[in-house]
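Sequence lines, in order, name chains V and H. Counted from 1, the first sequence has number 250 at position 250 by this note's numbering; the numbering is strictly sequential. Remember, this note's numbering sits 309 above the position in the second sequence when you count from 1.
Hints listed in this document are in silico derivations from the structure and should not be mistaken for laboratory results. For glycine and all other residues, C-beta sits at the position ideal for the given N, C-alpha and C. Check before you lean on any hint, since a few could be wrong.
[Stated by the list, open to error] Ranges of calculated distance between the beta carbons of each label pair, as one might list FRET restraints:
hint: 1; chain 1: V; residue 1: Asp-35; chain 2: H; residue 2: Cys-515; range: 44 to 54 Å
hint: 2; chain 1: H; residue 1: Leu-342; chain 2: V; residue 2: His-300; range: 44 to 54 Å
hint: 3; chain 1: V; residue 1: Glu-167; chain 2: H; residue 2: Leu-557; range: 38 to 48 Å
hint: 4; chain 1: V; residue 1: Ile-2; chain 2: H; residue 2: Arg-403; range: 39 to 49 Å
hint: 5; chain 1: H; residue 1: Phe-570; chain 2: V; residue 2: Gln-39; range: 26 to 36 Å
hint: 6; chain 1: H; residue 1: Arg-403; chain 2: V; residue 2: Ile-128; range: 49 to 59 Å
[To be verified] Listed below are the simulated BS3-like cross-link pairs for lysine-lysine, each with C-alpha atoms no more than 30 Å apart in a straight line:
hint: 7; chain 1: H; residue 1: Lys-345; chain 2: V; residue 2: Lys-159
hint: 8; chain 1: V; residue 1: Lys-298; chain 2: H; residue 2: Lys-495
hint: 9; chain 1: V; residue 1: Lys-232; chain 2: H; residue 2: Lys-495
hint: 10; chain 1: H; residue 1: Lys-559; chain 2: H; residue 2: Lys-345
hint: 11; chain 1: V; residue 1: Lys-232; chain 2: H; residue 2: Lys-345
hint: 12; chain 1: H; residue 1: Lys-425; chain 2: H; residue 2: Lys-415
hint: 13; chain 1: H; residue 1: Lys-559; chain 2: V; residue 2: Lys-42
hint: 14; chain 1: V; residue 1: Lys-232; chain 2: H; residue 2: Lys-568
hint: 15; chain 1: V; residue 1: Lys-159; chain 2: H; residue 2: Lys-346
hint: 16; chain 1: V; residue 1: Lys-232; chain 2: H; residue 2: Lys-415
hint: 17; chain 1: V; residue 1: Lys-159; chain 2: H; residue 2: Lys-415
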Amino acid sequence: MINDIWNGSIFEMVIGIGPNTVKAGGDCALPFLRDEDAQPVKPVTALEVWDVEPREWSDVLTGAFPGVLHDPAAWAKKCAQYGADLVSLKLAGTHPDLGDASPEQAAAIAKEVAAAVEIPLIVTGCGIEEKDALTLPVVARALSGRNVLIGSATANNYKDIAAACIEYGHNIIANSPLDINLAKQLNILISEMNLPLHRIAMDPLVGSLGYGIEYAYSIMERSRLGALNGDKMLSMPIICFVGQEAWKTKEANSPENMAWGDLKRRAVLWEAITASTLAQAGGSIFVLRHPESLKQFKVHIESMTALNI
Amino acid sequence: MELIGERINGMFKDIKEAILNKYPGPIEHWAVLQTKKGAHYLDINTGPTVTKEEQPAVMAWLVGVVQSVSPLPCCLDSTNPDAVEMGLKVHRGRAMINSTSADQWKMDIFFPLAAKYNARLIGLTMNEQGVPRDSAARVALAMELVVNADMHNLPMQNLYIDPLVLPVNVAQEHCPEVIEAIRQIKTLSDPAPKTIVGLSNVSQRCAERRLLNRTYLGMCMAAGLDAAILDVGDDMLVETAAAALVLLNKVVYCDAFLKTF
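One chain only, chain V, in its complex shape (with noise of 0.2 Å):
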């Protein structure tokens, strides 16, 4: 058998401070390709925390988390204790529709969850551009020398979020709509404001199994590709916001049909197939919701790596 021999890898990136760091990244081939990585890289998981309680997660979700949705710090615990790598902590309550919190506000329940835990950090804004702005550059002060990775970052609004990713020791989430060319353009953008290449992550906007996961598997695998051809510009890690996507589809939330089968059974393993299929096509990081499509991905990832079979 002929291996392929790349002239590029897979930028590590180190998130988090002390003896819980997490390397996302580093690979040097193809994804689970043990014959041509002596090493393989294992992704990286991380479940998901809002700041505000969630209204409309299904009981599925909320039937994990038992009394600690309403605090951001116990619920951070309990994701530790899932076995998540890192905490993924969306500041959705600075949204306009769900209570419009102040960066300030945000912040100070950045810095409770930061201290709740061992492991490390993703921080992510509501997703407005224009808010997240003004909320990330805040948080990233209160999380100083935290070594938090931090998002997302989109075209029109990386220069507040980058500054700030440099000047308190952060890494940056780079977010483009399923555009490759985008991406490495935003890239080549955030890059040329002195933030070092490890210290970036690409959000190619993943979507679930059904709806469009195909687009992201697509544009993941060329990422990947060009990465290994030696494409600095495109050879960051890859995050997948796998949760917000699986659990929003008709297959998650439809209560139980006769052809479908139980709803608890189908939903996690939507999250658990769609996580596994983006980790096929290179992701790095995945961001899931339910602990026990985290612990059926992590499963898979481990026989997918383990060396003697």
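Knowing the structure of chain V, use the given hints to seat chain H on it.
Same frame as chain V, but now just chain H:
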């Protein structure tokens, strides 16, 4: 696409004088400049004025001067195996040897040398009978080079086959033959050998040299060219290579594609 800066060559007057006077200034200047312009390798040629006996020492001196100011590897350009080996001995990183012909006695010297020093090797599709007239004869000699790489355990990715570009004003009919040869050489083995040309040769003593160079570069790249020895100081030429890589879908497009090449 690998770009090899052609400028440190004793055929240029400033380099020739630098070598004769053992004055490193112009050599350092071109090493730094070509590095800044995006070269991946720096070609080093002692030129015709240095005698065969002096060539090894001059080659070693040039490699030392160049690598003292540039992190790049060198392309050791000499038909004299002693000069090449002397250069390899003092070289830091993976060198490229420029070059062997497809004559068996020459291949028996240069292939083991490349394998021994883990170097890349340029093989010319010519032998003692001269430069072939058409693409088929070029490809036949390329096959000799491929077989020798296999015989001497040189990984195919380290063999760079040069189908020999001739000036358009004296050998116009060769220009399309070289392009066809590149296309066929890429099918000779799997993994395929690399292909390379000495680009500036196509426009030797012609008008509109830069236009001819960059047009031919784009045409050769479309046929599968992997590397070229060229004038990296010509910005539009380097930009042509960047654009061609995007148009061939070898590099992902982005608005700043010129910046990142």
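Next pair to validate is Lys-232/V with Lys-415/H; report whether the Cα-Cα distance is within 30 Å.
Violated. Lys-232/V to Lys-415/H sits at ~39 Å, over the 30 Å cutoff.
30 Å Cα cutoff - pair Lys-232/V, Lys-345/H: Within the cut-off at roughly 18 Å; holds.
### Message
Need the status of pair Lys-159/V, Lys-415/H: alpha-carbon distance at most 30 Å?
### Response
violated, 58 Å
Q. Phe-570/H and Gln-39/V, beta-carbon distance inside 26 to 36 Å?
A. holds, 31 Å
field: Cβ distance range 38 to 48 Å for Glu-167/V and Leu-557/H, holds or violated
entry: For Leu-557/H against Glu-167/V, whose Cβ atoms are near 41 Å apart, the range 38 to 48 Å holds.
- Message: Run the distance test for Lys-232/V versus Lys-568/H: straight-line Cα separation, threshold 30 Å.
- Response: holds, 12 Å
- request: Given the hint that Lys-425/H pairs with Lys-415/H, test it: the Cα-Cα distance must not exceed 30 Å.
  value: holds, 16 Å
inquiry  = Between the alpha carbons of Lys-232/V and Lys-495/H, is the straight-line distance 30 Å or under?
reply    = holds, 26 Å
If you draw a straight line from the CA of Lys-345/H to the CA of Lys-159/V, is it 30 Å or shorter? holds, 28 Å
request  = Measure nothing beyond the straight line between the CA atoms of Lys-298/V and Lys-495/H; if it is 30 Å or shorter, mark the hint as holding.
outcome  = Since the Cα atoms of Lys-298/V and Lys-495/H sit roughly 43 Å apart, the hinted pair is violated (cutoff 30 Å).
- Task: Could you grab the alpha-carbon distance between Lys-159/V and Lys-346/H and see if it respects the 30 Å cut-off?
- Result: Since the Cα atoms of Lys-159/V and Lys-346/H sit roughly 29 Å apart, the hinted pair holds (cutoff 30 Å).
Notebook entry, point to check: Does the hinted range 44 to 54 Å hold for Leu-342/H and His-300/V at CB?
Noted result: holds, 52 Å
Hints 4, 8, 16, 17 from the earlier list are contradicted by this structure; the remaining hints agree with it.
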